[in-house]
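**Q** Whole structure, please, built from the sequences with the hints as guidance.
Number of protein chains: 2
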Amino acid sequence: MRITILGGGGFLGKKLAARLARDGSLGGKPITGLTLFDLAAPPAPSAPFPVQCLGGDVADPAAVAAAIPAGTEVVFHLAAVVSAAAEADYDLGMKVNLNGTLAVLQACRALGTKPRVIFTSSVASFGGGQDAVVPDDGRQVPTNSYGAQKAIGELLLQDATRKGFLDAVSIRLPTVMVRPGRPNKAASSFVSAILREPLLGLSTDCPVPPEFAVWICSPRSAMEWFLHAATMDTSAMGIDRGINPPGRSATVAKMLGALEAVAGHAAREKVGFVFDKEVFDIVVGWPAAFEAERARRLGFAEQESLEDLVRAFIEDDLAATKAERGL
Amino acid sequence: MRITILGGGGFLGKKLAARLARDGSLGGKPITGLTLFDLAAPPAPSAPFPVQCLGGDVADPAAVAAAIPAGTEVVFHLAAVVSAAAEADYDLGMKVNLNGTLAVLQACRALGTKPRVIFTSSVASFGGGQDAVVPDDGRQVPTNSYGAQKAIGELLLQDATRKGFLDAVSIRLPTVMVRPGRPNKAASSFVSAILREPLLGLSTDCPVPPEFAVWICSPRSAMEWFLHAATMDTSAMGIDRGINPPGRSATVAKMLGALEAVAGHAAREKVGFVFDKEVFDIVVGWPAAFEAERARRLGFAEQESLEDLVRAFIEDDLAATKAERGL
Ligand SMILES: NC(=O)c1ccc[n+]([C@@H]2O[C@H](COP(=O)([O-])OP(=O)(O)OC[C@H]3O[C@@H](n4cnc5c(N)ncnc54)[C@H](O)[C@@H]3O)[C@@H](O)[C@H]2O)c1
Ligand SMILES: NC(=O)c1ccc[n+]([C@@H]2O[C@H](COP(=O)([O-])OP(=O)(O)OC[C@H]3O[C@@H](n4cnc5c(N)ncnc54)[C@H](O)[C@@H]3O)[C@@H](O)[C@H]2O)c1
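Same order as they appear, the protein sequences are chains A and B. Heads up: the first sequence at position 191 corresponds to 191 in full-length UniProt numbering, and the numbers run straight through without jumps. Heads up: the second sequence at position 33 corresponds to 33 in full-length UniProt numbering, and the numbers run straight through without jumps.
Misleading hints may appear alongside valid ones.
In this list, chains with the same sequence are indistinguishable; a pair is considered to hold if it fits within one copy or across any two.
Unchecked claim - For lysine to aspartate or glutamate, the following DMTMM-like pairs were computed, each having C-alpha atoms within a straight-line distance of at most 20 Å:
(1) K95 - D60
(2) K114 - D89
(3) K29 - D240
(4) K29 - E291
(5) K114 - E307
(6) K254 - E269
(7) K163 - E278
(8) K114 - D233
Simulated from the structure, these hints should not be mistaken for laboratory data.
**A** Right under this line is the structure:
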């Protein structure tokens, strides 16, 4: 089976490529080729199958078509301009998040073989804020351009599925933590920073108060969801191709509690609270909890505990992050 | 005040232009200019203000920019490829309904003066079917490309409103009846035909059974909603710029009862039932009833009775339809 990862050089794209390389197969079928596509050609993991690494713009239809060659059975569409960046530059967000998804749609349609497309939508496509518990049929009223562009992408891919052009599953990812590397332009960057920076021995400011709740998941369960979405029987989904997966609702205080339990009081003490209105104004609109019953019924896996989530970061990513940041 | 109607040559666009010409003002402010834009330059109504008539493609940004000159305070965006046509030709629907709305967004944004934009979305943007009573926060899961494109248009204009580029109100129109003229490519064409054709003395086939229910409104109340949406205080809407207006849920049998009450048994007898699976498969997905409480609270007017709706067609449109069709 041939697979393409668009955004294959990003946080989740790199992890997914490594996972596929390790597994060598997907859904019991051997992988015969993997294409990684990102603005700059991503590094190839060592794998038991050929890996092609391409640089290009996901908003460029020809570049995307080249990244989805004939015979591609599964496309992971992860390429995106993230929340704060799409809010700061409306035109860039529209170009990458809207035109990019249109280019993916057309490239898949041109194959004529209905590839499975896994699209990473976001909790940010919902409004509702701190008090909401979003039901499975909850309406998406985004409070930011990134969320609007993600909701639009879902509608495009859902309709393309109905038309028989492709076979989409859109996973509305929670905030994935702990993200390795450096703080980034996502408004939710702090959610990872408050665990990652102390584990690196660094101090960090949390821009929201301790009682602020966030809908989160771990990179490990994001990977499980991606693989499940790529291999599940989609006929059970009917026309509605959007999934609210079973993340976890956690307050900043709870996360810091898990940090302290795993890494001790000194780590916990590295986090100060400095309110940042710009960040707060974006993330305060995102709902902090979901029902996610439909996803459970469709076989999407549950989260590990917060403590295990912290431990997983230490196991999977701490050394590489230290090396990357020269620490 | 300067006003533009995109799709000004269509059923509702022509009625709206005539209404504005008659009123001479909108929301108490004298109209100083009206631009009508459609594929072919629409006919100008006789009006107490200058009327500019332009032909062009709403998917052509330059043409749309020319149709929305500096100083435009209100834009009615009615230009669209309707349901069955957008289903039959996916690319045409995407071009007109998606790229067209993007061109409208950019032209309004370029003004820098936040014009009010009234966008005609549709009941077809919802799924749910015959048994649904759609709540005000009902999720849009379209079962057709037209509905998906309308839902996307709403998201685009809602986000553009939040960004301060324009000030949008999207009205999810019920099936507007009685439509004058000839049957058209809308899957809902029969809803008007079963009243109009008998009033013209013609026989017609109804493609769905008598107990089939439809969410409808009259052209007169569509006009009231358009004018209200153009002049209302939108701050009460908050971020959610979509409106489910107070239409009426009516079965085919009820509509034919109203026809008989107004025009007699002979008129009723002109309607036969010949099931059409292609039409049925599109319209069966549309919900037949809505709560519409939010719209009532926001001042959107109720429907007249079905009998009055039939009488309004006779008063407003029967003679012109007869003339147009050489009857
Ligand atoms: N990480 C999270 O918490 C989270 C939460 C919700 C949704 N998501 C979504 O999941 C996906 C992956 O997230 P991530 O955390 O790996 O993000 P990331 O920013 O690390 O990766 C996104 C990748 O897209 C690439 N990209 C951006 N513009 C591009 C363009 N024009 N052409 C080609 N590639 C382009 C970037 O270079 C980057 O490598 C994204 O779609 C994101 O919106 C992530
Ligand atoms: N009439 C209804 O029952 C109903 C119900 C729900 C929503 N709506 C929406 O209300 C609006 C008006 O409906 P209507 O019944 O007057 O439809 P209509 O088809 O009579 O009018 C639409 C107009 O758009 C024009 N148009 C199509 N493609 C164009 C293009 N590329 N460039 C410029 N103009 C173009 C057509 O020429 C037509 O005059 C539409 O947006 C429709 O989708 C109508």
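**Q** Indicate, hint by hint, whether the structure satisfies it.
**A** Tested hints:
no. : hint        : in the structure
1   : K95 - D60   : both (10 Å within a copy, 18 Å between copies)
2   : K114 - D89  : between (33 Å within a copy, 19 Å between copies)
3   : K29 - D240  : neither (27 Å within a copy, 45 Å between copies)
4   : K29 - E291  : neither (33 Å within a copy, 49 Å between copies)
5   : K114 - E307 : neither (40 Å within a copy, 49 Å between copies)
6   : K254 - E269 : within (14 Å within a copy, 71 Å between copies)
7   : K163 - E278 : between (41 Å within a copy, 15 Å between copies)
8   : K114 - D233 : within (14 Å within a copy, 46 Å between copies)
In this structure, the hints that do not hold are numbers 3, 4 and 5, in rising order.
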